[in-house]
Amino acid sequence: MRFSEVELGDDLPEETQDITMERVQLFVKTVGMNFPRFTDHEFARKEGLPGAIVPGIMSQGLLAAMIHRWAPGSHVRKIDTVFRAPIVVGTSVKMTGAVTDLDDDAHTVEIDITVVSENGATNVLGTAVVELEP
Amino acid sequence: MANVDLQAVRDEWVGKVYDTTEFPIDAQHLVDWAVACGETESRFTEPDDADFQAHPGYVSHFTAGRWTPKGFPELGNGRGVDGGKAVEIFGPIRPGDVLTASTEIADVYDKTGRSGTMIFVVNRMTFRNQHGDKVATVDWRQIRATDG
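In the order they appear, the protein sequences are chains X and B.
Numbering of the first sequence is given in the working numbering, commencing with residue 1 and proceeding in unit increments.
Numbering of the second sequence is given in the working numbering, commencing with residue 1 and proceeding in unit increments.
The following block holds chain B by itself, in its conformation from the complex (with noise of 0.2 Å):
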């Protein structure tokens, strides 16, 4: 078991926005990123197509100003190794749109297995446009060992 108290840190930071970050949406980024993803459909290829929009990954390069909160505490050895992201899409992104994301801590959990104890801390990022209407989420594990 991991020498620290999740639960504590879960009470304290989980669910506390600590970035907010602007990101203008740009159609030739979003003709590349297909592109380079081998997508053939032209509503993600063509800005002339009618319904031209953001691959569904798009918005996971994005990133906030900070990794983790200001003062949240060191857990496990280092900065971590990426565990993955999940993107949740939940409407069209347009070349001319400015998301705004927002980010919070979404989880703090550990996992023990043959490696031993892996603390995983999970970043969400969501993004709304300048409708104010939420178009995805993107959570991001990252993963920390510990000696425990």
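Just chain X, with the same shape it has in the complex (with noise of 0.2 Å):
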């Protein structure tokens, strides 16, 4: 995807993704973020929580990731987003994006990402800009 080739309103592919406990312990372990909180349903429950919980910054790395299959070779140079309702470990979850702004100057785009559960809520919300290649 070049920055020639984007219009504003154009959607990102729409993403379903499996959280997997393995791929919760593999990102806590790596942060030194192993907290039972995010690797123990049980745990997890009697804190309140609906379960074992994904790491917000996480889901910050999932929507990168979802910008580099969209724009392969691109730059991500900001991303900002809120963490407004826990994803539990174990569920899917659906990304989305949507180009809101381009800049013509300096080749980015402003995407709006969102991380939305199996149940409808939308969990993280926020924008990334993204460099592309002319």
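It cannot be assumed that every hint is accurate.
Some but not every residue of chain B turned toward chain X, in silico, with C-beta under 8 Å [claimed, not checked]:
{"no.": "1", "residue": "Asp32"}
{"no.": "2", "residue": "Trp33"}
{"no.": "3", "residue": "Gly38"}
{"no.": "4", "residue": "Thr40"}
{"no.": "5", "residue": "Gly80"}
{"no.": "6", "residue": "Asp82"}
{"no.": "7", "residue": "Lys85"}
{"no.": "8", "residue": "Ala86"}
{"no.": "9", "residue": "Val87"}
{"no.": "10", "residue": "His131"}
For the record, the hints were derived by calculation from the structure and aren't laboratory data.
Note that CB positions come from ideal geometry on N, CA and C, so glycine has one too.
Reconstruct the complex from the two isolated chains, following the hints.
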């Protein structure tokens, strides 16, 4: 995907991914956040959570990976997300993106991004600024 | 309205660096982060790739030695909740880099909605590599409820 091919309002290909316990365990081990609220459903429920939850910063990484699949070789210059509701480990999420602005000089696009859970709730929303080849 | 003079808090605290910490960058950690996030581009997943580098949000997991500066006022009720993160990337982060993060309070403001007034405290970590190049910033918004 090149900048010249993008139009305002374009949707990124929607993605659905299974956020498995194995992936979350790899992530939390890597970042030193190996807390049971992320990896132990029973423990998390005792804390009042719906189950073990996906770290918010991991959801940001999922969205960046989606952007790279839409525009291979692109550079995410900024990604800003708000974590509205927890994502439960072991569920599927739907990720979306829509182009909301273009900068002709910098060859950057602004994208609204979301992560939506199986029950339709929006868990994460935000924006990304991505630099593309002209 | 929160029962605190936020302008005075901003005047006293915004922009003052209160923590400096070094973070060495490890290739396997970069790979594991990217794989866990479902990344498929080799520049993030293959250390042998000529352009191998950290995934965009990688630095967001690094934390300062303190949540807030020593002496920072207690705002709202307790430590608060995570209001999200904004990561800005200025250049590639490579394995073997040693990043130095300087942490400051970037902003303090409030918003009033249906659930009352919330105070937002924004911590900013600015990452520079061993060459002194600014490679990323992370703004972390902490939200604190008030009785107002």
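Checklist line | Restraint check, 8 Å cut-off on beta carbons, for B:Gly38 near chain X | finding: holds (5 Å)
Checklist line | Hint check: 8 Å Cβ-Cβ cutoff, B:Thr40 to chain X | finding: B:Thr40 check passes; min Cβ-Cβ to chain X is 6 Å, inside 8 Å.
Check: Can we keep the B:His131 interface hint, with Cβ of chain X closer than 8 Å?
Finding: Given a least distance of 19 Å, the restraint on B:His131 is violated.
Next item on the list: Answer holds if the nearest beta-carbon of chain X is closer than 8 Å to that of B:Trp33; otherwise answer violated.
Entry: Because about 5 Å separates B:Trp33 from the closest Cβ in chain X, which is inside the 8 Å limit, the hint holds.
Checklist line | Supplied contact hint for B:Asp82, tested at 8 Å Cβ to chain X | finding: holds (6 Å)
Notebook entry, point to check: Does the CB of B:Val87 sit less than 8 Å away from some CB of chain X?
Noted result: At about 5 Å, which falls below the 8 Å cut-off, the nearest Cβ of chain X leaves the hint on B:Val87 intact, so it holds.
Checklist line | Residue hint B:Lys85, partner chain X, criterion CB-CB below 8 Å | finding: Given a least distance of 7 Å, the restraint on B:Lys85 holds.
Notebook entry, point to check: Does the interface hint hold: is B:Ala86 within less than 8 Å of chain X, judged Cβ to Cβ?
Noted result: Check passed: Cβ of B:Ala86 comes within 4 Å of chain X, closer than 8 Å.
Item checked: Closest C-beta approach of B:Asp32 to chain X relative to 8 Å, hint status -> Given a least distance of 4 Å, the restraint on B:Asp32 holds.
Next item on the list: Using 8 Å as the Cβ threshold, decide whether B:Gly80 counts as touching chain X.
Entry: Since chain X brings no Cβ nearer than about 13 Å to B:Gly80, farther than 8 Å, the hint is violated.
Comparing the model with each numbered hint stated earlier shows that hints 5, 10 do not hold.
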